[in-house]
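Asks: Protein chains in written order, with the UniProt record's numbering: chain A, 1 to 485; chain B, 1 to 485; chain C, 1 to 485; chain D, 1 to 485.
Below, in silico cross-link-like pairs of lysine-lysine (DSSO-like), each with a Cα-Cα straight-line distance of 27 Å or less:
1) LYS352(C) <-> LYS438(D)
2) LYS414(C) <-> LYS438(C)
3) LYS408(A) <-> LYS371(A)
4) LYS371(C) <-> LYS414(C)
5) LYS438(A) <-> LYS354(B)
6) LYS438(C) <-> LYS354(D)
7) LYS352(D) <-> LYS438(C)
8) LYS414(B) <-> LYS438(B)
9) LYS371(B) <-> LYS199(A)
10) LYS199(D) <-> LYS352(C)
For the record, the hints were derived by calculation from the structure and aren't laboratory data.
There are 4 protein chains.
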Amino acid sequence: MLTTNPFDDDKLREECGIFGISGSEGAAALVALGLHALQHRGQEAAGITSFDGCEFHTHRAMGHVAGNFDRDDIIQALRGNVACGHVRYSTTGETALRNVQPLYADLASGGFAISHNGNISNAMRLRRDLVQRGSIFQSTSDTETIIHLVATSNYRTFVDKFIDALKRVEGAYSLIVMTPEGMIACRDPLGIRPLVMGKLDGAVIFASETVALDVVGAEFVRSIEPGELVIVRGTEISSHRPFAPVNPRPCIFEYVYFSRPDSISEDRSVYTVRKAIGAQLAIESPVDADLIIPVPDSGTPAAIGYAQQSGIPFELGIIRSHYVGRTFIQPGDKVRHLGVKLKHNANRALIKGKRIVLIDDSIVRGTTSLKIVQMMREAGAAEVHMRIASPPTRHSCFYGVDTPERAKLLASSKNVAEMNAYIQADSLAFVSIDGLYKALGEPQRADIRPSHCDACFTGDYPTTLTDQDEIAAVDQFALLAERVI
Amino acid sequence: MLTTNPFDDDKLREECGIFGISGSEGAAALVALGLHALQHRGQEAAGITSFDGCEFHTHRAMGHVAGNFDRDDIIQALRGNVACGHVRYSTTGETALRNVQPLYADLASGGFAISHNGNISNAMRLRRDLVQRGSIFQSTSDTETIIHLVATSNYRTFVDKFIDALKRVEGAYSLIVMTPEGMIACRDPLGIRPLVMGKLDGAVIFASETVALDVVGAEFVRSIEPGELVIVRGTEISSHRPFAPVNPRPCIFEYVYFSRPDSISEDRSVYTVRKAIGAQLAIESPVDADLIIPVPDSGTPAAIGYAQQSGIPFELGIIRSHYVGRTFIQPGDKVRHLGVKLKHNANRALIKGKRIVLIDDSIVRGTTSLKIVQMMREAGAAEVHMRIASPPTRHSCFYGVDTPERAKLLASSKNVAEMNAYIQADSLAFVSIDGLYKALGEPQRADIRPSHCDACFTGDYPTTLTDQDEIAAVDQFALLAERVI
Amino acid sequence: MLTTNPFDDDKLREECGIFGISGSEGAAALVALGLHALQHRGQEAAGITSFDGCEFHTHRAMGHVAGNFDRDDIIQALRGNVACGHVRYSTTGETALRNVQPLYADLASGGFAISHNGNISNAMRLRRDLVQRGSIFQSTSDTETIIHLVATSNYRTFVDKFIDALKRVEGAYSLIVMTPEGMIACRDPLGIRPLVMGKLDGAVIFASETVALDVVGAEFVRSIEPGELVIVRGTEISSHRPFAPVNPRPCIFEYVYFSRPDSISEDRSVYTVRKAIGAQLAIESPVDADLIIPVPDSGTPAAIGYAQQSGIPFELGIIRSHYVGRTFIQPGDKVRHLGVKLKHNANRALIKGKRIVLIDDSIVRGTTSLKIVQMMREAGAAEVHMRIASPPTRHSCFYGVDTPERAKLLASSKNVAEMNAYIQADSLAFVSIDGLYKALGEPQRADIRPSHCDACFTGDYPTTLTDQDEIAAVDQFALLAERVI
Amino acid sequence: MLTTNPFDDDKLREECGIFGISGSEGAAALVALGLHALQHRGQEAAGITSFDGCEFHTHRAMGHVAGNFDRDDIIQALRGNVACGHVRYSTTGETALRNVQPLYADLASGGFAISHNGNISNAMRLRRDLVQRGSIFQSTSDTETIIHLVATSNYRTFVDKFIDALKRVEGAYSLIVMTPEGMIACRDPLGIRPLVMGKLDGAVIFASETVALDVVGAEFVRSIEPGELVIVRGTEISSHRPFAPVNPRPCIFEYVYFSRPDSISEDRSVYTVRKAIGAQLAIESPVDADLIIPVPDSGTPAAIGYAQQSGIPFELGIIRSHYVGRTFIQPGDKVRHLGVKLKHNANRALIKGKRIVLIDDSIVRGTTSLKIVQMMREAGAAEVHMRIASPPTRHSCFYGVDTPERAKLLASSKNVAEMNAYIQADSLAFVSIDGLYKALGEPQRADIRPSHCDACFTGDYPTTLTDQDEIAAVDQFALLAERVI
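Could you put together the complete structure from these sequences and hints?
Replies: This is the structure:
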């Protein structure tokens with residue numbers, strides 16, 4: 001059945017958010033709040049593991065943080081001063097709950113819990129080797145690979161085993177790890193996925209975004225640096241750099257869509273960057289129009305930037321229902337085609353007879369853009385121009401972002417004119433890749449060593465992609481042939 | 001426990017939304033969609049009754065329309081071409097489900113289902129008389145009074161019995177009624193609560209707001225007029241006016257907050273009225289400031305109006321989480337005080353050092369305004385001015401709106417200066433009552449026969465309030481002494 | 001789908017059990033225990049109402065007492081020293097929960113709760129009259145008729161209204177009623193359904209059977225007499241006889257099957273009566289056989305009586321699974337025919353090559369008897385003789401017992417030889433009607449004024465059957481045309 | 001809280017039942033039926049795994065087979081012609097569902113599912129070694145040890161790996177194993193736990209007891225022999241004996257209590273053996289009494305044997321409620337002491353003034369025996385003699401039976417006279433250990449090489465008990481320090 005969220009289906013999706021705290025009474029309650037603030041990074045499942053000095057306690061659940069981790073009984077059972085948690089986007093299929101993180105294992109050295117944001121791009125090859133050796137996997141998660149690499153490492157201390165394991169994986173990972181000895185946070189050498197550090201009274205916090213610090217009233221200290229490993233043992237904090245240094249490549253799409261506008265990403269306000277992209281777009285692709293209308297809610301900051309730059313009034317031409325979640329199924333065949341209106345409705349009285357500019361953050365499949373343009377025309381708009389606050393999304397991401405297969409990306413096979421024909425607007429324009437870097441304060445994209453990972457726009461992947469390169473790689477994952485119903 | 005919705009707790013609440021359709025296959029599916037679009041009018045329970053030419057089918061449930069009425073099994077069981085439904089705000093206590101509408105009864109003339117938006121202000125007196133006579137009530141709902149008045153009326157036809165009953169009730173009611181013969185929609189003589197009519201192919205639709213017509217793709221025909229009774233029998237539609245004519249007094253607060261901005265209320269765009277109130281506010285109470293910031297989301301249209309009138313930039317200084325529903329309970333005592341940030345977060349980088357104007361639609365208790373002002377100061381705002389797009393809310397509503405008891409209304413005991421001291425802003429101003437009518441296109445409030453019910457601002461109630469006038473009236477409702485657990 | 005209980009489907013079913021207590025702290029907990037002991041009288045729904053001196057508290061639930069009324073939160077919410085409850089067999093359809101008793105109403109005189117065992121045989125006619133007059137029914141239960149008769153009675157005191165109501169109903173009723181003033185227990189003038197009185201410390205108890213007194217440790221005082229009304233007001237107990245005296249006709253089937261063997265019914269041990277019926281059967285219909293085998297569990301006491309009288313060994317030839325409830329659905333088409341073995345299994349090693357006598361309490365449809373005979377033959381029995389500890393069941397019961405429509409009663413259209421041909425036994429015999437009365441200690445059935453109601457065997461109904469006599473009477477009940485889903 | 005099952009708490013409990021079928025369409029439906037017939041061997045959880053030639057499908061659930069595995073959606077999702085299942089008694093704590101069998105793992109050779117009845121007595125030592133080597137356990141189950149031993153075996157084929165693993169475990173195991181190649185059933189060299197083979201059309205079935213064959217209409221072929229491994233690959237069946245031969249020692253308690261009376265255990269009818277024990281008891285310990293009364297239901301066959309041998313009438317002096325499951329919690333403090341009567345009730349009219357002999361199958365803690373004796377005295381019995389159809393239970397079982405710690409076994413510290421003083425009977429006697437073997441057709445217990453494991457009576461354990469012998473062994477299991485909530 002169709003859901004009422006066709007719009008969201010037409011976005012890339014960040015797959016995970018993570019949060020950890022060490023040194024605070026009632027740690028799990030703070031993790032719950034932090035995860036709640038990171039809910040936009042993963043809406044389908046959540047988990048928290050705490051450590052009380054003796055035992056680890058874990059609760060995992062499908063669904064939102066609210067409704068699962070706001071229950072007193074759950075939170076009180078998650079005893080201890082150290083805890084970490086995870087929200088997750090895509091957990092499909094019957095083995096769902098086993099894949100919900102934090103993952104946990106009993107090693108010879110004691111308990112080990114891990115929360116992972118990113119994607120290991122050689123996970124399948126590593127898994128095959130480990131199974132051959134006698135390791136038994138309980139999930140289909142790439143993250144479990146790290147656990148088995150630690151369990152079977154020949155190094156002596158836990159930290160050495162852990163570094164040994166990380167050196168064998170490739171891809172993107174921001175990790176928060178708990179052992180009886182302490183908490184470790186780390187980020188892959190390229191720093192593809194974000195991870196920040198904060199403090200709250202005596203406690204240390206790690207989180208995917210600064211908004212999660214805000215929600216618990218913590219102070220933002222700094223970002224974990226690419227390739228850095230921060231170890232917290234009681235009140236002692238130490239920083240380690242076990243990897244050979246490389247130029248960092250953090251994900252540029254965090255600015256475009258993933259991060260919340262009120263987050264600070266690498267010292268930049270995400271809201272300000274989005275407005276700057278909108279202003280750049282107004283400079284690059286101006287329109288003679290009556291109204292600037294954001295596609296709510298992700299297009300709003302860029303629309304404000306575009307409106308301020310262009311001097312055309314910003315207006316709410318599309319009203320978004322607050323009551324549409326992911327779950328509303330349209331009942332009955334007859335009403336299926338009405339879908340899009342459940343989520344958005346044209347502000348008819350405003351739009352009628354007007355030349356409008358719609359501002360959206362990105363186009364993925366294009367199906368939503370088409371529907372929105374149609375909705376505006378049905379409401380009587382005289383002209384409908386579409387402006388997109390990112391370059392065309394042409395390539396899949398293999399670093400922890402859910403992208404449709406390439407063939408379904410509208411920009412993978414169409415140029416801008418063809419895309420415009422598809423969405424039936426009067427005109428369509430995207431910000432340029434150099435314009436995007438300008439909004440970040442750089443003169444243009446550095447083609448040799450660009451400062452960010454922008455592979456979804458350029459196809460310039462910063463790591464090898466071992467599993468992708470193997471033939472029939474997908475079938476390998478079918479190894480876990482048990483479907484739990 | 002505290003919920004994460006302290007902001008919403010600080011609003012008046014419309015208590016109900018209703019929707020009915022006659023003459024369409026799969027009527028219940030369309031009612032579900034319509035109720036979904038009216039969800040903001042009542043979020044705690046919903047019900048749908050259909051009639052298949054032979055039997056009535058009803059499903060009632062606590063909670064949102066989505067999750068309850070988007071299930072194929074439910075919708076398919078609600079067979080028939082005629083159906084009506086109801087969303088409801090406050091259904092408290094153990095007898096909850098019995099109070100969820102549509103209410104139903106078997107009369108000697110056959111089945112009778114009723115959906116009611118409003119409040120009968122002499123319900124308790126009528127109930128006492130009916131029980132004395134041998135009537136047995138199954139709910140604590142004022143609406144059930146109408147049913148028993150119909151059941152015991154001495155008139156012969158159903159329509160005559162129904163009119164007889166309505167003539168004995170006082171207060172506010174927009175009703176959609178189903179009997180085996182057809183559907184009746186009506187509005188009390190003052191037209192306090194809204195009700196509109198639409199058409200979709202051959203079917204007739206009645207709904208609280210036009211957005212519910214939009215969602216099903218129906219055409220807006222006109223408002224039901226105050227005191228009008230529209231009867232639909234098959235394809236035949238007739239209009240009746242059984243009451244003595246009086247000057248209508250529709251609720252003015254529908255423009256301020258209750259209705260969705262994309263609704264048309266009595267030929268006016270709600271969005272346009274809200275912008276006009278904001279502009280009027282900028283004229284009446286200007287501020288020398290850097291940014292205009294809406295309190296999301298209800299303050300946004302007025303903030304756009306204020307910004308356009310004043311020329312000060314409109315910016316998103318408060319970010320609202322999409323994932324905060326009514327249900328998130330903050331776990332643990334330690335984090336209770338963090339509550340407000342779960343729902344809203346300051347856009348710190350934007351606000352720091354700026355003189356800001358916050359625009360909200362109304363102040364009820366004032367607790368939220370205080371928290372918002374504090375949040376802005378903590379984020380570094382240089383000055384915080386509060387402007388409110390309605391006059392001070394000083395009086396309770398007895399016409400189907402959930403208002404706190406008068407003593408809890410901040411404006412009931414404080415003047416504007418005292419209110420400003422309470423919320424700790426640098427300045428506070430409300431739009432004037434005449435300014436409000438100006439935004440509606442009138443020169444000022446007509447003090448003799450004002451065009452709207454504005455009792456919450458003025459105390460000028462357009463009906464008698466029988467139950468309120470009785471001593472210890474509340475205790476009368478204790479008659480239903482069974483607590484179902 | 002088939003259930004695993006084909007055997008039980010082939011029994012008559014008592015439809016209700018009731019239990020009330022006045023004057024004990026934690027009254028509801030004792031009612032829960034009492035209802036649990038009466039669970040065999042009604043397995044599909046249960047309810048308890050308590051009165052705390054101020055308010056009535058009710059909980060009703062589909063399903064067994066265990067699992068619903070053994071939860072501390074439920075029991076503690078059912079506050080008060082006075083409480084009554086009900087277990088119910090057949091509550092079908094969507095309006096189910098509304099029919100679960102105790103029923104409750106707010107009368108002008110205050111709250112009124114009622115638990116009823118029996119059936120009002122003129123309920124439909126009374127209902128029609130009441131609806132005509134303006135009464136609104138909320139259930140399809142015949143019991144609700146009594147409530148409306150009380151509500152609309154012109155007498156002044158509650159007791160007078162109640163007696164007025166009872167004088168207008170015909171049929172079978174044992175009632176426990178609660179009002180703010182006290183508890184009333186009564187039995188219809190013929191005493192068709194049972195009701196006993198007990199005491200526990202200072203408290204008074206009423207129950208359908210003495211086993212419910214045993215379970216709470218109460219002392220059996222006496223049966224409520226036919227036509228008697230016992231009123232308990234605090235510690236004061238009074239007995240009233242408002243009806244003209246008639247010869248009592250308690251249900252004889254309570255001895256055959258309904259009552260538990262450990263109950264005392266009218267000063268007779270049910271177990272002893274059942275053994276006596278078995279012995280009488282051995283005298284009337286002896287067999288030359290090797291083993292006496294009860295059809296578990298209802299045939300066991302009669303089988304012991306038959307074995308002791310005949311001198312043939314009693315053996316467990318059929319083993320009953322303890323884990324078969326009403327709910328096991330046989331999955332998949334393939335295994336549907338295996339059904340009967342889920343509940344009973346032949347003790348193959350015992351039966352092989354033996355001439356066996358099966359003892360069962362009654363035959364209703366005969367489908368189970370056929371399956372049991374086949375199971376015995378498949379297990380290798382040399383001869384299979386069936387002996388039934390009641391006369392052939394030829395007529396429907398209209399006094400609160402669930403009987404199939406007459407055409408489905410095997411004995412309604414077949415004589416014993418034809419029945420034997422149907423079940424494929426080597427021989428079949430029933431105890432005679434006079435033999436049944438002999439087991440009760442009488443010389444034979446008194447044909448003029450028999451001491452019991454035996455209408456299911458003889459068709460001799462002791463009351464008029466108003467509703468049955470009306471044409472298309474069943475359709476009248478379709479008045480409640482709302483199907484709640 | 002107390003449950004209503006104090007009687008059952010006073011029994012030893014078989015911990016598991018297993019069932020597998022290869023070569024039948026809709027295999028899972030037949031497994032569900034088979035497990036249902038084995039429900040008495042494990043009532044707290046159940047699971048089924050099927051294989052459809054490509055994937056394995058598993059469903060595991062807490063609770064009974066009925067209610068979980070009788071749902072069409074579940075059964076239909078368990079696709080394939082090969083399936084096995086498990087019922088389980090004790091799965092405690094938060095990690096419960098992970099311990100429910102069949103356990104499953106992806107090995108390098110493919111999927112592997114295992115159902116285990118028994119207990120590995122060196123599981124903790126093996127686990128410690130495996131974790132040291134890098135294996136990660138996901139449950140606390142001893143059975144998982146076998147999986148990791150297979151996964152890390154150096155042998156080449158799956159069957160060789162499996163045999164290698166079995167040679168490293170000690171203790172009791174009847175196993176049903178599924179791999180993509182086929183199904184394997186095996187029994188430990190001593191054959192401590194039972195396992196039988198049957199056939200149904202072309203399919204092969206393995207089950208803990210023959211009743212599970214009866215329920216699906218299958219034919220009993222033979223028992224799997226101790227130390228035998230039966231491999232089914234499609235229609236090909238082969239038998240293997242990889243272990244050095246030893247004298248078998250099947251569990252004698254299967255005859256006393258665990259197996260259903262209608263099962264055939266090693267060519268003996270369990271019912272017939274139980275009657276023979278009762279007869280032997282009558283010979284060894286006669287009483288001059290009026291009635292023989294079984295403690296229902298497990299004492300019934302022995303009571304019939306005792307009654308037939310002694311000539312004293314067999315009567316139902318204790319009535320057992322059919323509606324008492326494991327779940328009824330007695331509400332409220334006041335009624336806790338009433339507990340025992342919820343399950344059993346004295347047949348007062350029968351017992352009063354009589355000298356009675358109670359027959360039970362065993363005494364574990366003795367608490368129930370004490371309550372039963374008291375109940376009989378309260379009901380007026382003149383004398384109460386207790387006869388037990390097994391020797392005193394003095395020792396714990398480590399082979400898959402739930403026994404209380406030794407100190408709680410009444411017989412561990414008391415002789416028969418002291419036990420009689422505790423239960424307050426007029427006399428108490430147990431069948432002798434030689435008498436027990438006589439009932440099995442042997443002249444006496446062979447003290448050198450007894451034919452059965454009778455360690456619970458004699459302390460003569462047939463295997464080493466590695467884990468038991470380690471100090472603080474229990475703490476080792478605390479390794480799995482994650483508590484999933």
